[in-house]
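Engineer: Quick mapping for you: the protein sequence lines, in order, are chains A and B. The numbering used here puts the first sequence at residues 4 to 365. The numbering used here puts the second sequence at residues 4 to 365.
Take the hints with a grain of salt, since some may be wrong.
Since the list gives no way to pick one copy over another, a pair counts as held whenever it fits inside one copy or between any two copies.
SDA-like, lysine to any residue: derived pairs with alpha carbons at most 25 Å apart [to be verified]:
1. K354 x A295
2. K354 x G298
3. K261 x G321
4. K323 x G340
5. K244 x Y256
6. K354 x D290
Honestly, the hints are just simulated from the structure, not real lab data.
2 protein chains.
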Amino acid sequence: MSQSALRITPVILSGGSGTRLWPLSRTGRPKQLLALTHAETMLQLTARRSNDPQAFEAPIVVANAAHADQIEAQLAEVGVTPAALVLEPVARNTAPAIALAALAVAPDALLLVMPSDHVIADVDAFRAAIGAATPLAAEGWLVTFGIAPQAPDTGYGYIRTGAPLADGVQRVERFVEKPDRATAEAYLAEGCYAWNGGIFLFRADAYLAALEAHGPEIAAASRASIAAAHREGTRLFPEAKAFAASPSDSIDYAVMEKASRVAVAPVDMGWSDVGSWDALHDIAVKDAGNNAHHGEVVAIDTSGCLIRSQGPLVAAVGVKDLIVIATGDAVLIMPRGSSQEVKRAVEELKKSGHITLDRPND
Amino acid sequence: MSQSALRITPVILSGGSGTRLWPLSRTGRPKQLLALTHAETMLQLTARRSNDPQAFEAPIVVANAAHADQIEAQLAEVGVTPAALVLEPVARNTAPAIALAALAVAPDALLLVMPSDHVIADVDAFRAAIGAATPLAAEGWLVTFGIAPQAPDTGYGYIRTGAPLADGVQRVERFVEKPDRATAEAYLAEGCYAWNGGIFLFRADAYLAALEAHGPEIAAASRASIAAAHREGTRLFPEAKAFAASPSDSIDYAVMEKASRVAVAPVDMGWSDVGSWDALHDIAVKDAGNNAHHGEVVAIDTSGCLIRSQGPLVAAVGVKDLIVIATGDAVLIMPRGSSQEVKRAVEELKKSGHITLDRPND
C-alpha cells in the first residue's frame, strides 16, 4: 500500500441545485451554499469536518461550474484550499461526478465521498466509523456509511446489513428502495437496517473498476472528459461534450447495488441531510414555544413554527405549526409536516412560469 | 337659501395613517391611497362617488401634507380636480379637519363629509339618503348617516335612532360607544340602532356654530390657522403653529354627541370601512375555495385565505384560513378572524424598533 492510501482524500460533492428548500435554495445558490444550521454554510461544515492534515489530504470538490466562485470563496473563509475544484459542465448525477474525482487522483488514493449538504453533529463518531472502514476500503471494498435510522422515514433508501467483515463493518446484504411507512416501521423493528446516507469510502481504482464493470458508458465518458480536460489553477474543467455523453446515474444505482465487495459501516452520528424544511425544524435550536426563527422575524403568540427570513421583516401573529420562508423575491407558507410538498409547489411554479430553474432535475 | 347651498360640496377626509392594514398601509401610503377593493384606490372611489356636477361641487380634500402629491395624482387619474386641497400641518383628528374645510367655503355651503377610506357598494342608496337628508341639513341640522348594521360588530360606535324628522331622517336619540358583544346583539335585536359610519351632511355655518359652542378651542385654532393660511394653486396650507394649538378630537366627541339639532339618515348601502384584513376578506371577490388573492400569488390546496402580495411571489401550499400580506420589505401572517391583532403587532414592532410610524396615533 502506497503512502497516498494511508491518508484519505475527501471528495466533496456539490452538485445539487435543491428545490426542496425553495425559496431559500435556488439554482444559483443551492442548499450546500446556505447557512441553514450554523453560522457556516453546509459546504463549509463539510469541508471543516475533514480539515485535519493528520488524517486527510486537501479535498477534491466536484461542483457545478456556475458555483465555482462562491465555492472557492466559502472554502477560503474556513481556511480550506481544495486540491482540485472539478467543475462539471452539466449535471450527470453522482456516479459520473465521483468518477471525475477518482480519475483526478492516484489510483490507490482512498476517497471519502461526502455530499456537501449534510450535517453531522457527532464528528467523533463519524471519524471512528471512517477508522473502522479504512482497512477494508484499502483492500478494495466499496464502503458505504449506514446511518442509524431515527424514525421510519420513507424518504431514504435503506441498507440491510449482513455478516460482519471487521469490527464496525458488515457486508451489505442488499440496498432497498425508499419504503412505504409500514415497511419502514418493520425495518426499524428488525434492527438490521440503516439509512443510505450517500457517504462512501473506497479506493479510486476500486470505484473505477466497479464502474467499468457496471456502468461502462459512465466510465468511458468520464475518462474521455478528464483526458481532454483543461486546468486553471486548482480548477479542473472536464471536457464538456464528452462528459455530456455520460448517462445520468447515481452511484447507488450504477455501482453500489451491483458491485460484489460492498460493505457498510453503521454509524450513529447525528446525521441529517436537511432534506426539507421539516427536517430543518427537527434539528434546529427551538424556543420555549417550539419555534425556530431566523432572520428578521417577530413572532407573537406563535408556536411550532419554522420562520426564516432572508430579507423582509416577517411578522407572525397567533399562528401554529407553520413553515414560513421569506426571501427578497419569494415567500413560502405551508403547514409543518408537509414540506415534501415544496417540490410539487416548485413544479407548479415552473409550469406557471413564476420561476425558472436551470437544472431542475438535480 | 343661496345657490351654494343647493349643490353639495364633498369634503373628503384623507387624514388617517392606518396601522390596521399594515404592512400594506404605511405612514407614507395609508389605506385611502391603496387599491384594496377595486382597481381604483379608496380615495379615487370616494372622489368618483361624488363626481357629478349636477349634484356636487368640486370636492375639498383635507389631507396630511406629506400625501399631497399622491392625492393630486390619484384624483387626476379619475378626472377630479379638487376645489381645494387643505393640507394639515399636523394631525388633530376629524373635528379640526372638518373645521378647516368649513372655513374654506361659503358659510351656507352644504358639506358632505366623507372619510376617504370607506367603500359603498350601493351608491344609489347613498344618493337617496343624501337626498332625504338635504332639506334638514339646509335648515341647519347636523345629519349623520346611520349604517344599517350587518352584524353585532363591536368595532363601531352605534347610534340609537329616535323620532322621525322627515321621510328617511330621524332624530339621533343618542350616540353609544363601541359596545361589547352582548350589547351589540341586543342593539341588533332592538332594530333601532345604526352604525356610526363617520359620514355627515351639514351647512358649514351650522357645523362651525356647534363647534364654537362645544369645542371653542378647536374652532379658535382652526380659524386662526385658516386666517394665516397660504395658498399655492388649489393647495391651502393652514398656519402650522395655530393649528397645532388645537385639541385633537373627533367630530363625534367634539360636536355630534353634544349638539342639539342632530339627525340620522339610516341607510343600507353596502358600506364597509375596510377596517381590517378580515373586513377586506369579507367584501372581496373569492374563488371556489373562499380565497381572495391579489398580486403574484400561487396557492395550492388552500382555502379561506386572504393572500395579497405587492412585490414578492407568495406560494401557499395546504394552508387554511390565513391572512398573508407581503410587501417588498415586510410579510404579515395571521389566522383569519384575528386581524384586530395587527394593531398590537404594529405596537410590538414599533417597540422593538422594527418599524417606525411617524403618526402612530392617527
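Engineer: Given a CA cutoff of 25 Å, do K244 and Y256 count as a within-copy pair, a between-copy pair, both, or neither?
Structural biologist: within (23 Å within a copy, 81 Å between copies)
Engineer: Between the shortest in-copy and the shortest cross-copy C-alpha distance, which are at most 25 Å for K354 and D290: within, between, both, or neither?
Structural biologist: between (38 Å within a copy, 21 Å between copies)
Engineer: Is it within, between, both, or neither for K261 and G321, if the alpha carbons may be no more than 25 Å apart?
Structural biologist: Cα proximity of K261 and G321: none, with 53 Å in one copy and 40 Å across.
Engineer: How would you classify K354 and A295 at a CA-CA limit of 25 Å: within, between, both, or neither?
Structural biologist: between (31 Å within a copy, 22 Å between copies)
Engineer: When no copy is named, should K354 and G298 be tagged within, between, both, or neither for a Cα gap of at most 25 Å?
Structural biologist: So K354 and G298 pass the 25 Å test across copies only (18 Å; inside, 30 Å).
Engineer: At 25 Å max between alpha carbons, let me know whether K323 reaches G340 within a copy, between copies, both or neither.
Structural biologist: both (12 Å within a copy, 15 Å between copies)
Hint check: a violation occurs at hint 3 only; the rest are consistent with the structure.
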